[in-house]
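Visitor: Each chain is listed here by its residues.
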Amino acid sequence: MPEKVGFSRVKLVRTGDMPAPPATPSPYVELGVTSPFSFLRGASDAIELTLTALSLGYDAIGIADRNTLAGVVRMHSACEGAGLKSLIGCRLDLTDSPSLLAYPIDREGYGRLSRLLSLGKMRAHKGECELSLEDVANHSDGIAFIAWPTDDLDDFERELPRLCDALTSLRHVAASWLYGGGDSARIERLDRLAKNQGCTILATNDVHYHAPDRRPLQDVVTCIREKVTIATAGYLLNPNGERHLKSPDEMIRLFSRWPHAIAATRQFADLLHFSLNELRYEYPKETVPEDRTPQQHLEHLTWEGAKQRWPGGIPDKVLKQLNDELPLIEKLDFARYFLTVHDIVAFARRLDPPILCQGRGSAANSAVCYCLGITAVDPATSDLLFERFISEERKEPPDIDVDFEHERREEVIQHIYDKYGRDRAGIAATIIHYRPRSAIREVGKVMGLSEDVTAALASTIWGHMEPELEDARANDAGLNLSDPHLRRTVKLAEQLVGMPRHLSQHVGGFILTERPLTETVPIGNGAMDDRTFIEWDKDDIEELGILKIDVLALGMLTCIRKCFDLIEQHHGERFELATVPQEVPEVYDMLCRGDSLGVFQVESRAQMNMLPRLKPRRFYDLVIEVAIVRPGPIQGDMVHPYLKRRGGKEPVTFPCPDPEHGEPDELEKILGRTLGVPIFQEQAMKIALDAARFSSEEANKLRKAMATFRSKGNIAALEEKMVGRMVARGYDRDFAQRCFDQIKGFGEYGFPESHAASFAHLVYVSSWLRWKYPAAFACALLNSQPMGFYAPAQIVRDAKQHGVEVREVDVNLSEWDCTLEDGAMRLGLRQIEGFQRDAAARLEARRPYRTVEELRSRGGVPVHAIQRLAAADAFRSLSLDRRAALWDSRALRQAPDLPLFTYAQEREEGAESEPAKLPVMPLSEHVVNDYQTLRLSLKAHPMGFLREDYARRKFVTAAQLKSIRDGKRLSIAGLVLIRQRPGSAKGVVFITIEDETGVANLVVWPDVFEKQRKIVMGARLMAVQGIVQRDPDSDVIHVVARRLEDHSRMLRHLSDDALPSTLSQGDAAGSWRAPAARHPRDVEIIPKSRDFH
Amino acid sequence: MPNLAIERWAKSASFAPDAPVVLTLEGPHGPIVHAVTKAAAERGARVGARLTDARALDPALTAIPGDPAADGALVERLAQWAGRWSPLVEVDGDPSRLPGTGGLRLDVTGVAHLFGGEPGLVRDIRHRFAKTGLTSRVAIAPTAAAAWALSRHAPCICGPDVAARVAPLHVSALQLDPGIVRTLERLGLKTVAALIGVPRLALARRFRGAEDVVEALDRALGRKPEPLTAIGTDPPPRALLKLEEPATHPEAASQALERLIPAFVRELEDRRLGARRLSLTGYRVDGSVAVASVATAIPSREPRHLQRLLADKAATLNPEFGFDAFALSAEWTEDLGAAQESLVEEPSGTRELARLVDRLTVKLGPRAVQRPQAVESYLPERASGWISALAKTEPVALPSAQRPQRLLDRPEAIDVIYATPEGMPRRFMWRRAIHDIARVEGPERIAPEWWRQPSSARLRDYYRVEDADGRRYWIYREGLIGDGRGGLPAWFIHGLFG
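So the sequences go chain by chain: A and B.
First residue of the first sequence: 1, per the numbering used here; consecutive thereafter.
First residue of the second sequence: 1, per the numbering used here; consecutive thereafter.
Chain A on its own, in the form it takes in the complex:
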């Protein structure tokens, strides 16, 4: 599964072309600033605001979003980068009085403000905040306030004394030049009101965007917020575009009659001494025993762990690495962080049964993490760079992400809450940004475009990378992109992309603190009960150097653990992730055949095709295998060069710059491990830095341009820069271009090496299990559904092909989970659609049963559950087939669970005098019903019933494909399993079809696709005429489709044969098909394919 990196944070870094911050403090400071984190109000992000402030000559700028501190870290970071002072505050919109701007004076004040907001948020629904003036008064120490006048000044005149009474420190009233016609009078009146209360007015421009030309976007977000179109928004919009950041001089001019209002801003700002840098992070203390320092404890645990990992002695290489890592950890003071993660992992392992877990990401670079049991990539056999994990230059805490079994992650989360308390542990937020699609949809709605047009715009303009495609596709959709209204819409959507839309809960990023978390950041309610989350996302947390642990869920871990358990139960051997025998050649043999259904990561069609070509023979090959079938390497055209070099058909060379420009081996360091071909994300970025001499700021820009928005101009400029510079330094243009294309492909899906290594470990473990214990592995896979790529039917078929005997679901023999019976697999009750777990528990308790009736009377199984069992044909051990069991079960009546009632009804209804004669269910219909109730059938494959017919028409089976020579024409038919149309394949569609002998892979080229789209996308049963294509190196067989036919109707015959075929012998009404008004669900005989388009 690709990692969605999303919008990587752009960091503002000072460069030469930025103006220097003013030497003397500016006479005016803007305090009323609304950023996009007052959701759907502000229209300029922190960097835009900061850069504008810098160029206008400000030395400091405030931020005051509505009832939130969600945007302050970005403002802080941008100001740090630009050399400005950020004033952190927020605007409090209260339920019972005019709004206030609240700026903490010091750390304590900040803590109180954060607590206040947490209070308001915990009271309200997700995303809202309820606060009264009294609440504010109770938290007002150390906070400076500015009263914000309401539109109606009469009102405000009444309210101001109340505000001043409640907040004794209140000394300021905000005044803005609104350009509303009566500004002088209004400000004059405010001035008078303020003076009467012993306050002074304070100038602000109520800033909502950084520059006047952002007004359209501001209007659009207002419309989105108010759910109106721009044409009907009327007075909801601002009459003018004056809510931008104005220069101090301009503000002084506007307030020339009230110079004290300008002076007040400066004085107010000078009073504030708080900076987010003061939020010194303190790690929780309970992870360390009293008598040791954290470092001592960490070293102790590390060496203990090392001894366990290598009972025969620690390898020299590891010894050396540990001796490098530990001092660095000490120097950077990260020991507590490691201990905290270790504590959580140790908890999961301590449970009975233990929860399987494994660190992913860059932690795999660390030997300490391996010794602590956090990661499972053996540093003795791999050589990943510790510097990628922690480095002295980057003053950031390391990022340790740990995957847990997906079914049991909640236990870990609750443990964290229990151990550290809800006031010290919280889940990070994820900021949901406008993405191209959502942006164009919302802007289109506001601009009055129909849903159809916006949908067309969304899919055409941003669906594809190639610009020439865009215009063509837009034309196809009947859109004229030169229309000014459409152009404007697109431009606004571009501006909206990347703006925050709302806060959501991170999948599992926990932050833990020593002092109460509410004093560091406001905490609010999540949509899920029992979940609270903080206002900051992972980038914010990282920015402030706060520890975060990702507690993630991974289905494959559940599967592996279940498999280990089954092996222990039936084979008496206990394995762990780290104790699975390594580098077993037969496992690699299996993978080289592309025989990897169910294996972690490498089970997709593309991966399965790559395996025989890459021919993995050792662990590192798997690392590459995981990373290479990704948009990046594919678009960068790096796959073939790598394969050629691996196969020895091309010499391994390293592109090098002109000798006068640098060392000839500058890329050898980066690309040595991958035979001179960049495969991992960091390699490509490193090339930009080293070979194209990008500054780190330029590299960031590059990353952002790729990740956020594919605006043509921007990308072209960067492309020119990177390729141009590499060429100038003596690199081959083609190579440079491909490197850039690769970065382009990484866009949103990045795969760094250490991450690939962690995943590769699971690839190996799951492959080993599949090879050594196919029955247990299939069993565990089924018991961990839903997960992975394949449906139960394919897992079962694959297991059968590997010699596993599979037995059907049965009321007397099956448990809830699939089980092993002397090496054979017994399907579990969980396979029955709609069957509940508690019904299974009741069923299992009172076994065995001899009649259907006993299930209800003795077992207490609910009647509807019995009927599901019957429909699933689970009564064979009672010598009842599906139909008979269903007939019997229908006669049962759900009664209150008391014997009296049961007997009473029995007597009332009496026995049936004559047994009904039901027709015998044909096998084909059994199979169809099996699919409907179990999503698989052990009796036969649906294609088996049609084979005779197809064989007569000279169709081949999937199994026969293997013996057909390259280039031969043939016909083949099968059920469609998966349709894929990857973005990187330029419109080619890959279809996997299945018949009773196996699967076949189809390739549909765009021209065929366009002609037969309906069949390609719609058919359940497909007949194909095509040409066999064999890859000589890998034995991968494709059928290149020439012509397709939709044979889905053949499936109907499997169950409808008992029906008379024509019913329409009425009058002259014409002929039309019989049950026309049936729900489409009923027609679904075979479960739908999985489609990706």
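Treat the hints with caution; some may be incorrect.
Calculated pairs, DSS-like style, for lysine-lysine (alpha carbon to alpha carbon, straight line, at most 25 Å) [stated by the list, open to error]:
no.	chain 1	residue 1	chain 2	residue 2
1	A	686	A	644
2	B	11	B	131
3	A	331	A	285
4	A	1014	B	38
5	A	317	A	307
6	B	38	A	1011
Simulated from the structure, these hints should not be mistaken for lab results.
Based on the hints, put chain B in the right spot on chain A.
Guide: Relative to the frame of chain A, chain B by itself:
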């Protein structure tokens, strides 16, 4: 009527008949296809599928939101219309909820001979539906349930041998829940015949309550009665006048109107309705009709008012060979309680205005009579517009800033002396007269409406100014120096205060 929704849409739409159009309804996971044109069906669109799935098959599908409420209303109207074949008509199913279920049930007992027997009746029904552009499937059977089944599965005229006709049908013809149908299929009971073959007791025991299969079977086979409940008709208020002799003189209509109005108004009073659209229909002896229709601005049942509205139009009705009957009816009514405006009969403003509007509309046509309507726009010249005087009005907010009482039709250019760049105006010349500005307030800055004006449009700074004589003006400066949208800003006068 299997294709009701799409056919109703096709009649009103401007699409080519072979356009691949689907009508959609909002489902929990995005739009669901509700009805399809033939072309769309050929391209794979199926009713009940999700629009995204249909689009995957053919991205060129045009999706238009369906309107099940209007479909339902059409069926209701058709039910009224079907009264021509039978006095007992019932709407079957709920087309506004389930697409494709719209149907009508007619009790045609003893009716068929009027249309030349049952085949003639069926032919007539199908022919007339076809003329309205609707596909119909017609079946006649001794029981309603059997007719339902046959019309959907095998349209025919079924004699007394119901069982024989229905037996070969699939069990879904019995109007059973899809879940039951599936269970029956699993039991091998796929046809009605198979169901008949099962002992009743065994069947009754296995399908009870809401799932009662035996009852469904009985209804179809006529073992259990299923009476029709004909739709309630709520006829529009109507007064009828039959003449003994055909009237051929030109005033006949006007005279008839005079005689009809009291009865008509009485009916409106009884039903507490006021007419908003009413028409006088003259039935001529040769079977043709002449109609005069008018609409009112507010619901009314005031006799003199209605009389005056219709009088002119009534006079134009041409008797030709003579009218033998007149009807006065209200096609559109609104609730109107008993109201007394004042103790003594004084003219009330709103009512008098409404009556004036009505009279003018009758005389000048609805397009010619309009009423000002506020529009939410900051731009003064856009802040008011005109709507038809008879249209419904929505209350609209007014701008908070002060506006002059009089706005010039179009701003007039003036020369102004002011402190550049953005200073207050000092003196201006308008229509060759020089005004020294004594007092000034402003500016009120109004930016162009960027979504409809070209990007070269400039903002305006409005000032309220008072000259030395105390006269007040509303002037504005268009543009700012250096706004990049033209040269020096120009000044205009746009309105006069009091």
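Visitor: Hints numbered earlier in the text: which of these fail when held up against the supplied structure?
Guide: Every hint satisfied by this model.
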